[in-house]
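In case you want the letters, here they are:
There are 2 protein chains.
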Amino acid sequence: MTPEALSALHARFGEQLSTVPAVLDAHGRDESGLEHVRPHAVVFALSEADVVDALALARTHQFAVVPFAAGSSLEGQLIPLRGGLSLDVSGMKKVVEVQPGGFQATVEPGVTYPELNRLVRAQGLFFPVDPGAEASLGGMASTNASGTGAVRYGTMRDNVLELRVALMDGRVIRVGSRARKTSAGYDLKHLFIGAEGTLGIITQLTVRLWPLPSHVVALRCPFPDVEAAAACAVSVMAAALQPERLELMDAEGLRAVNVHKGTSFPERPTLWIELASPSAAALEEALSLCRELCLDAGALEVGMARTAAERAALWEARHHAFYALKALYPDHTTLSTDLCVPLQHLPAIIAFTRAQVDAEGLHASLLGHVGDGNFHVLFHARPDDTTVWARIEAVYDRMIAQTLALGGTCSGEHGVGLHKRRFLAQEHGEALDLMRDLKMLLDPHGLLNPGKILPDC
Amino acid sequence: MTPEALSALHARFGEQLSTVPAVLDAHGRDESGLEHVRPHAVVFALSEADVVDALALARTHQFAVVPFAAGSSLEGQLIPLRGGLSLDVSGMKKVVEVQPGGFQATVEPGVTYPELNRLVRAQGLFFPVDPGAEASLGGMASTNASGTGAVRYGTMRDNVLELRVALMDGRVIRVGSRARKTSAGYDLKHLFIGAEGTLGIITQLTVRLWPLPSHVVALRCPFPDVEAAAACAVSVMAAALQPERLELMDAEGLRAVNVHKGTSFPERPTLWIELASPSAAALEEALSLCRELCLDAGALEVGMARTAAERAALWEARHHAFYALKALYPDHTTLSTDLCVPLQHLPAIIAFTRAQVDAEGLHASLLGHVGDGNFHVLFHARPDDTTVWARIEAVYDRMIAQTLALGGTCSGEHGVGLHKRRFLAQEHGEALDLMRDLKMLLDPHGLLNPGKILPDC
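Chains as they are written, first to last, in UniProt numbering: chain X, 1 to 457; chain Y, 1 to 457.
Derived by calculation from the structure, the hints in this document are not laboratory data. Glycine included, C-beta positions come from ideal geometry on N, C-alpha and C. Be aware that a few hints might be false.
Unchecked claim - The calculated label-pair distances, taken between Cβ atoms and stated as ranges, are: (1) X:Asp437 with Y:Gly14: 32 to 42 Å; (2) Y:Ala394 with X:Glu430: 42 to 52 Å; (3) X:Ala280 with Y:Glu316: 29 to 39 Å; (4) X:Arg118 with Y:Glu292: 24 to 34 Å; (5) X:His445 with Y:Ala351: 46 to 56 Å; (6) Y:Gly101 with X:Gly262: 36 to 46 Å.
Stated by the list, open to error - If we take Cβ atoms under 10 Å as the criterion, some of the chain X residues that face chain Y in the derived model are: (7) Asp158; (8) Arg174; (9) Ala184; (10) Trp210; (11) Glu413; (12) His428.
Please take these sequences and the hints and turn them into a complete structure.
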């Protein structure tokens with residue numbers, strides 16, 4: 001960034017601009033463990049006008065712009081590879097409108113999903129996408145995040161109705177519709193969802209809200225091995241029980257949770273299943289069917305969390321599993337995979353993964369949203385242990401090759417960022433060229449979050 | 001089309017090519033009632049290679065290509081405005097794969113949704129998008145069609161996992177993923193869904209299948225007026241009953257159905273609601289809550305269709321309502337609107353519409369998928385009655401202006417075609433320019449279904 005650019009930013013943004021080293025540091029990393037890169041400056045945007053003006057200055061002075069909010073991305077999306085400006089929208093927290101009768105809310109991108117949930121709970125509504133971290137809705141849309149609720153309610157893609165997006169050329173466009181469905185022209189909304197800030201900056205979102213289920217229970221079923229647990233997950237889906245959540249954690253994950261949270265869950269591969277129903281009687285029927293399925297599939301027990309407090313404790317444990325696993329080996333670096341396969345292939349890809357991990361003598365933990373066919377393998381090793389990291393990367397490559405052969409995807413919910421760029425050609429073939437064309441169309445000078453998603457843009 | 005182009009087509013396609021007048025006629029219209037325009041030739045494609053080769057010849061000889069399958073579009077999408085080639089993919093009927101365990105099927109674009117349903121029923125599965133006509137899945141994806149099932153299962157957009165698309169430049173790309181969710185790069189799939197064949201030709205689809213609900217009942221609730229019925233629909237949605245279907249038909253619609261099908265439904269504005277549950281007990285609870293809601297909202301009675309045969313008869317009647325209404329006035333032309341608003345605005349927009357129709361002394365019937373905030377007004381008049389048609393168009397314009405002011409869309413499910421092009425600038429503002437840019441990127445010579453969606457492309 002040139003001195004002229006910096007003084008132009010200062011003239012426009014005054015105290016909203018920071019070049020304090022600690023601030024630059026905080027905007028140079030996410031939760032991926034990838035190498036930090038400092039931006040040259042940070043602007044704390046408070047309005048759409050701030051975003052538009054920052055982009056205008058970027059255009060004039062040709063510096064890169066990387067959007068930033070909660071800082072919880074897992075694939076290096078927020079790292080300003082080429083320096084430039086980190087555009088922090090975490091202060092854009094306006095709740096523009098909540099429409100309980102229309103099951104929707106319109107918010108600015110810095111609002112986090114727990115904040116939205118606290119806001120709408122009194123109306124008997126909730127927002128179902130829960131990636132775990134205290135993530136912002138703008139960031140969640142930008143990576144098409146999901147979480148435990150996706151098996152029942154879909155991902156961000158399914159829960160964003162309308163966006164306002166600031167484009168690199170100065171336009172602000174509204175894409176999508178507040179209506180539940182539309183067939184009025186090309187769908188531009190889905191271009192910006194999952195684009196990781198490389199095509200435009202989201203300045204407002206209208207999202208869907210859902211009625212809070214009235215009768216809910218969570219089941220905890222430990223299994224003798226991961227493969228049996230995965231096969232049971234497939235049976236639960238096939239039985240049309242339509243669970244609210246269907247999660248798998250392995251023994252190591254439960255050990256980490258026990259250490260981290262002081263819990264005493266059996267340290268076995270475990271399915272955590274949540275069922276809900278509008279009536280108590282219906283819930284009991286579903287519960288009894290699900291319990292039977294789990295026992296038939298080899299569950300060692302079927303624990304139940306019936307009260308709201310019990311369930312909250314259980315899902316908090318699940319949401320903290322990633323951090324608990326990282327905390328178990330504080331001097332290690334962690335790498336999380338994120339593949340997703342068609343459900344019928346889930347047991348096979350899990351067995352393949354275990355075999356690969358064992359053959360290479362690696363240390364890895366598995367946890368995932370198995371009702372969607374999505375799971376994460378957390379590899380870890382000392383940062384300087386190049387031999388082990390080479391083996392990890394080789395296993396990762398083989399896992400992805402196998403996933404793609406089964407019709408799956410290299411990323412179910414974390415996005416591409418830096419680490420998965422190398423898989424995109426393999427996954428998309430010639431469609432990748434069309435992605436490049438779209439990037440050129442919307443950001444011809446490559447100023448929007450350069451180096452992310454596309455290997456060469 | 002030049003004689004050279006025609007002989008090149010003949011050399012490649014032989015008996016798959018037709019220039020027989022009756023065949024050209026049949027490919028010059030859809031169900032919109034818009035003016036027929038004959039293509040110069042029809043190719044009956046039987047494979048992806050046929051589609052690719054037809055596009056290659058179009059590129060060489062610069063003729064227009066309009067995809068055609070079931071011919072059931074309602075907005076003139078299939079009309080070859082500038083002549084050229086009608087590319088009939090209705091013979092591409094291969095079922096590539098059905099994966100019951102993965103809840104998905106891969107088919108060619110000529111397969112219709114009733115054909116798919118007959119195929120997967122034995123596995124306890126179904127495909128929920130039901131636009132009414134015997135529509136093809138390729139055409140349904142191209143207009144983002146929906147129908148009565150959308151309130152519970154979403155539209156084509158929500159039920160297409162993966163597409164193969166032949167592009168104008170000769171490439172065939174695979175977009176989307178067979179995994180239930182993906183965050184791996186820009187979403188190209190949604191560009192082609194709803195693009196009405198203007199960006200590429202769909203040659204294969206992988207769609208989601210759903211478990212057939214085990215316990216189902218349909219309710220029939222006549223109301224004293226349309227406004228009360230619409231308000232009740234909003235209450236049913238707010239009560240989180242998650243109906244399988246939630247339809248409104250007005251008195252005229254029921255009269256048409258009675259005449260057409262020999263039924264004797266009360267000729268009153270009526271809600272048709274379908275509820276389903278995994279258990280009989282749960283269904284009874286939902287039923288009793290729904291019944292109470294309807295009676296509180298002023299329902300004159302609550303009829304029930306409990307057996308599969310009764311329900312089939314009821315939904316067949318609903319699906320035939322459009323044709324029944326057309327048949328009521330055989331010498332009239334029909335125009336159907338298709339607006340969709342956020343649910344909380346449904347009663348207001350229906351009241352507005354009725355007031356407009358009455359003020360202009362028009363004849364119109366209202367029916368719709370009100371659980372989604374989507375409804376159709378069927379206007380009709382003698383084709384040569386220019387005074388009445390001018391009034392109809394004026395009311396239509398005012399309905400759309402009001403819809404857009406309420407955050408709605410000019411098309412919930414029929415697409416844009418020819419008739420709604422004039423509303424797009426109003427609905428999308430500057431985003432329309434980006435749609436034009438996308439069209440230029442994928443079809444620089446304007447050969448793919450020219451004149452559709454975008455007013456000037």
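A quick look at each hint next to the structure:
At roughly 36 Å, the beta carbons of X:Asp437 and Y:Gly14 sit within the given window of 32 to 42 Å. In this structure the supplied range 42 to 52 Å holds for Y:Ala394 paired with X:Glu430, their Cβ-Cβ distance being about 48 Å. Judged by the Cβ atoms, the range 29 to 39 Å given for X:Ala280 and Y:Glu316 holds: they are separated by roughly 36 Å. Look at X:Arg118 against Y:Glu292: about 32 Å separates their beta carbons, and that is inside 24 to 34 Å.
In this structure, X:His445 and Y:Ala351 meet the distance hint of 46 to 56 Å, their C-beta atoms being roughly 51 Å apart. A hinted range of 36 to 46 Å holds for the C-beta pair Y:Gly101 and X:Gly262, which are about 39 Å apart. For X:Asp158, the interface hint holds, since its Cβ comes within 10 Å of a Cβ in chain Y; the closest pair sits about 7 Å apart. A hinted interface residue such as X:Arg174 counts as satisfied when its beta carbon comes closer than 10 Å to some beta carbon of chain Y; here the least separation is about 6 Å, so the hint holds.
A cut of 10 Å between beta carbons decides the hint on X:Ala184: the least distance to chain Y is about 4 Å, and the hint holds. With a cut of 10 Å, the hint placing X:Trp210 at the interface with chain Y holds, because the nearest CB-to-CB distance is about 8 Å. Restraint check, X:Glu413 versus chain Y: the minimum CB separation of about 5 Å is within 10 Å; hint holds. Of the supplied interface hints, the one on X:His428 holds, with its beta-carbon coming within about 6 Å of a beta-carbon of chain Y, less than 10 Å.
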